[in-house]
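Produce the entire structure from the sequences given, and follow the hints as far as they go.
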Amino acid sequence: MIMQKSQKIAGFKENMTILKMEKLCKNYYLGSVELRVLREINLTITSGEYVAIMGPSGSGKSTLLNMIGCLDRPTSGDYQLGGQSVSELNDDQLSMIRGTRIGFIFQSFNLISQLNVIENIQVPMYYQGFTEHESAEKALELAEMVGLGHRVEHRPSELSGGQQQRVAIARALANDPLIILADEPTGNLDSTSGSEILDILNRLHEQGKTLIAVTHDEGIAAGAERVIRLFDGCIDKEEYNKR
Amino acid sequence: MFLFRLKRILKLGIKSLWMHRLRSTLTALGIIFGVSSVIAMLAIGEGASRDAQAKIAQLGSQNIIIKTAKPTEDQSALGQQQTLTEYGLTYADADRFRDAIPDVQVIVPNRRFPHQAQYRTRRVKVEVIGTVPWYPEISNVQVKLGRFLGDIDMQYKEGICVVDEKLVNDLFAFDDPIGQSLKIASDYYRVVGVSTEKTSTTTSSNTEEKDATGATKAGANLGGIYIPLTTVKNRFGETTMQMSNSSGRTLERIELQEIIVKVFDIDQVLDTRKSVETLLKRYHKKTDYEIVVPLELMRQAKDFQRIFTIVLGSIAAISLLVGGIGIMNIMLATVSERTREIGIRRALGAKKRDIIFQFLSETLILTLFGGILGIVLGSLIPYLVTYYGSMPTVITGSSLTLAFGISAAVGIIFGLYPAYRAANMDPIESLRHE
Numbered sequence: 001m002i003m004q005k006s007q008k009i010a011g012f013k014e015n016m017t018i019l020k021m022e023k024l025c026k027n028y029y030l031g032s033v034e035l036r037v038l039r040e041i042n043l044t045i046t047s048g049e050y051v052a053i054m055g056p057s058g059s060g061k062s063t064l065l066n067m068i069g070c071l072d073r074p075t076s077g078d079y080q081l082g083g084q085s086v087s088e089l090n091d092d093q094l095s096m097i098r099g100t101r102i103g104f105i106f107q108s109f110n111l112i113s114q115l116n117v118i119e120n121i122q123v124p125m126y127y128q129g130f131t132e133h134e135s136a137e138k139a140l141e142l143a144e145m146v147g148l149g150h151r152v153e154h155r156p157s158e159l160s161g162g163q164q165q166r167v168a169i170a171r172a173l174a175n176d177p178l179i180i181l182a183d184e185p186t187g188n189l190d191s192t193s194g195s196e197i198l199d200i201l202n203r204l205h206e207q208g209k210t211l212i213a214v215t216h217d218e219g220i221a222a223g224a225e226r227v228i229r230l231f232d233g234c235i236d237k238e239e240y241n242k243r
Numbered sequence: 001m002f003l004f005r006l007k008r009i010l011k012l013g014i015k016s017l018w019m020h021r022l023r024s025t026l027t028a029l030g031i032i033f034g035v036s037s038v039i040a041m042l043a044i045g046e047g048a049s050r051d052a053q054a055k056i057a058q059l060g061s062q063n064i065i066i067k068t069a070k071p072t073e074d075q076s077a078l079g080q081q082q083t084l085t086e087y088g089l090t091y092a093d094a095d096r097f098r099d100a101i102p103d104v105q106v107i108v109p110n111r112r113f114p115h116q117a118q119y120r121t122r123r124v125k126v127e128v129i130g131t132v133p134w135y136p137e138i139s140n141v142q143v144k145l146g147r148f149l150g151d152i153d154m155q156y157k158e159g160i161c162v163v164d165e166k167l168v169n170d171l172f173a174f175d176d177p178i179g180q181s182l183k184i185a186s187d188y189y190r191v192v193g194v195s196t197e198k199t200s201t202t203t204s205s206n207t208e209e210k211d212a213t214g215a216t217k218a219g220a221n222l223g224g225i226y227i228p229l230t231t232v233k234n235r236f237g238e239t240t241m242q243m244s245n246s247s248g249r250t251l252e253r254i255e256l257q258e259i260i261v262k263v264f265d266i267d268q269v270l271d272t273r274k275s276v277e278t279l280l281k282r283y284h285k286k287t288d289y290e291i292v293v294p295l296e297l298m299r300q301a302k303d304f305q306r307i308f309t310i311v312l313g314s315i316a317a318i319s320l321l322v323g324g325i326g327i328m329n330i331m332l333a334t335v336s337e338r339t340r341e342i343g344i345r346r347a348l349g350a351k352k353r354d355i356i357f358q359f360l361s362e363t364l365i366l367t368l369f370g371g372i373l374g375i376v377l378g379s380l381i382p383y384l385v386t387y388y389g390s391m392p393t394v395i396t397g398s399s400l401t402l403a404f405g406i407s408a409a410v411g412i413i414f415g416l417y418p419a420y421r422a423a424n425m426d427p428i429e430s431l432r433h434e
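So the protein sequences, as listed, match chains X and A.
Sequential numbering of the first sequence, starting at 1, is according to my numbering.
Sequential numbering of the second sequence, starting at 1, is according to my numbering.
No lab work stands behind these hints, which were simulated from the structure alone.
No residue lacks a Cβ here, since even glycine has one placed at the ideal position from N, Cα and C.
Please note: incorrect hints may appear among the correct ones.
[What the hints assert, rightly or not] Using 27 Å as the maximum straight-line C-alpha spacing, the simulated DSS-like pairs for lysine-lysine come out as follows:
1) A:Lys-351 <-> X:Lys-138
2) X:Lys-138 <-> A:Lys-11
3) A:Lys-11 <-> A:Lys-351
4) A:Lys-166 <-> A:Lys-144
5) A:Lys-302 <-> A:Lys-286
6) A:Lys-125 <-> A:Lys-144
7) A:Lys-274 <-> A:Lys-286
8) A:Lys-351 <-> X:Lys-20
9) X:Lys-138 <-> A:Lys-7
10) A:Lys-183 <-> A:Lys-157
11) X:Lys-138 <-> A:Lys-352
12) A:Lys-233 <-> A:Lys-285
13) A:Lys-352 <-> A:Lys-7
14) X:Lys-138 <-> A:Lys-15
[What the hints assert, rightly or not] Facing chain X, according to a computed beta carbon distance under 10 Å, are these residues of chain A, among others:
15) Arg-5
16) Lys-15
17) Asp-303
18) Leu-348
19) Lys-351
20) Gly-389
21) Asp-426
[Unchecked claim] Label pairs and their computed distance ranges (CB to CB):
22) A:Val-322 <-> X:Asn-188: 29 to 35 Å
23) X:Thr-75 <-> A:Leu-26: 44 to 50 Å
24) X:Thr-75 <-> A:Gly-405: 46 to 52 Å
25) X:Lys-237 <-> A:His-20: 47 to 53 Å
26) A:Arg-432 <-> X:Asn-202: 26 to 32 Å
27) X:Asp-78 <-> A:Gly-405: 27 to 33 Å
28) X:Gln-93 <-> A:Leu-416: 20 to 26 Å
Now the structure itself:
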């Protein structure tokens with residue numbers, strides 16, 4: 001409880017811009033045809049926000065998510081994450097940013113099947129050079145936080161979908177990222193598990209984490225503070241949910 | 001931290017390989033057979049080489065052996081008219097070598113011919129070697145019991161002899177040979193010593209098939225009797241008369257069957273050989289001699305064995321190469337199978353380097369595991385070859401190192417490309433991969 005409180009206070013104190021996109025464009029080329037997937041996106045997200053990105057298929061949601069997650073580089077425009085311009089970074093630096101500043105949560109969980117729960121949570125820490133002991137300790141802590149402290153030795157195939165997604169959330173938190181980036185986090189789950197996941201996400205938000213969720217699920221959108229609706233590569237509407 | 005990473009990478013690699021045990025084992029088999037065949041082939045090659053060299057070394061590396069050889073033109077041109085052929089080395093030759101060649105340390109003139117020896121009622125064919133007391137200096141014959149021939153024996157043309165161990169077995173069975181008398185032709189000889197088995201001056205590659213002196217061929221597997229040269233001269237005559245085997249009618253007269261020249265230093269062997277040849281050419285009209293230089297033979301054998309080893313090694317290396325290609329194939333399949341895992345790892349902060357190390361380590365574990373098993377198997381094969389095939393084999397440390405090094409190199413070379421491919425996958429694409 002004490003830790004949660006202090007984090008929340010810290011979150012309030014540093015109510016600063018952590019993500020800023022200016023005139024961000026992304027074009028793909030299909031043969032000679034130029035596909036303009038993102039057109040001059042301007043987006044600012046401050047720490048502690050809970051943002052839902054919505055939009056129909058083909059609106060550029062996934063591409064925007066890849067941009068935010070530093071998996072892809074913009075064609076033009078500027079993207080700053082935590083005060084650092086990402087557009088010009090090389091592959092290794094992007095890996096570094098992904099590993100330390102972004103926590104990914106995927107629709108299909110994307111756990112590594114040959115690793116057990118603890119080892120899966122350890123993966124991001126491993127690439128940041130934690131020792132086995134440190135990372136195992138922290139992984140156990142995180143597993144307990146998402147309510148899987150009793151199943152740490154299990155393989156992903158031995159867990160239910162909801163449990164797998166909880167492992168993925170724990171993994172996303174491993175390196176204390178600036179942003180937790182969720183791609184349809186409830187898309188593969190039944191409603192009960194889905195709402196469990198939403199509860200965890202809400203709890204993280206309350207603790208002051210910055211959350212960005214790409215979703216079709218109006219339930220997630222309802223829980224978010226801000227809903228960004230994309231259409232045809234542009235930000236169509238921005239709504240603020242009243243609390 | 002590096003150690004931690006290494007440990008982690010190895011753990012991960014072993015884990016993934018263990019998940020596909022059958023596949024990993026089958027893949028490693030290529031390396032196992034490759035490495036074991038390299039080791040086995042090199043061991044067999046090395047064994048054969050050492051065997052040949054040991055045989056040649058017995059002849060003495062400082063020695064030059066000059067042997068009487070029947071001149072080839074003799075048989076066709078003169079064989080029918082002449083009933084008596086006189087050819088071969090002479091005592092004069094031996095004297096000339098001694099006087100004219102400065103580097104000579106010892107000269108041993110020998111007469112060798114087969115004869116029948118009798119002890120009590122037992123008779124065997126033996127090779128009579130008429131020689132001098134310093135014969136042991138130029139050969140590796142050692143006296144086991146009693147003594148060798150002495151100067152006094154030479155001077156007084158004593159009827160004594162030294163027999164070798166083979167003859168002791170053939171003739172004396174359980175009796176103590178020392179002091180016994182055996183009979184050759186019509187004379188008796190008292191045994192004064194027993195020596196180790198005689199070395200044949202024939203080398204397997206060289207003159208075995210030649211019928212030149214009779215002695216070399218026929219005497220190869222016989223027991224040997226050493227008798228003072230003077231005694232032989234006295235009792236068998238100045239020359240050896242024998243019926244030529246080829247034409248049957250011709251009588252041959254040979255003074256000396258061989259002269260062995262020993263020089264002081266190995267470096268002098270080749271020069272001395274030239275001098276010997278020049279001297280012989282001057283005094284012999286026909287080429288009725290043959291010069292054998294063990295040192296040259298040894299070098300030739302070495303060259304030959306090196307080629308032999310290279311050929312064997314290359315064959316084995318090809319099988320290793322095939323094993324390596326098999327490994328690369330499997331690793332490529334593994335990489336494409338685990339595309340999604342690669343995408344996940346990349347999203348979670350893995351650099352290209354991390355992915356390369358991950359897959360490279362898997363290949364390396366596989367090949368090193370294969371290499372170690374290959375070494376075990378490869379060390380076993382030469383042992384079995386020696387045991388059942390009675391072929392000498394020698395496993396050298398360098399062949400083990402070589403095989404292990406090759407397997408590691410194969411792992412790196414054939415692991416790099418799949419690992420490189422894995423690392424260069426687009427993270428977005430691979431995350432979407434089913």
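Broken hints, by number: 5, 17, 20, 22, 27
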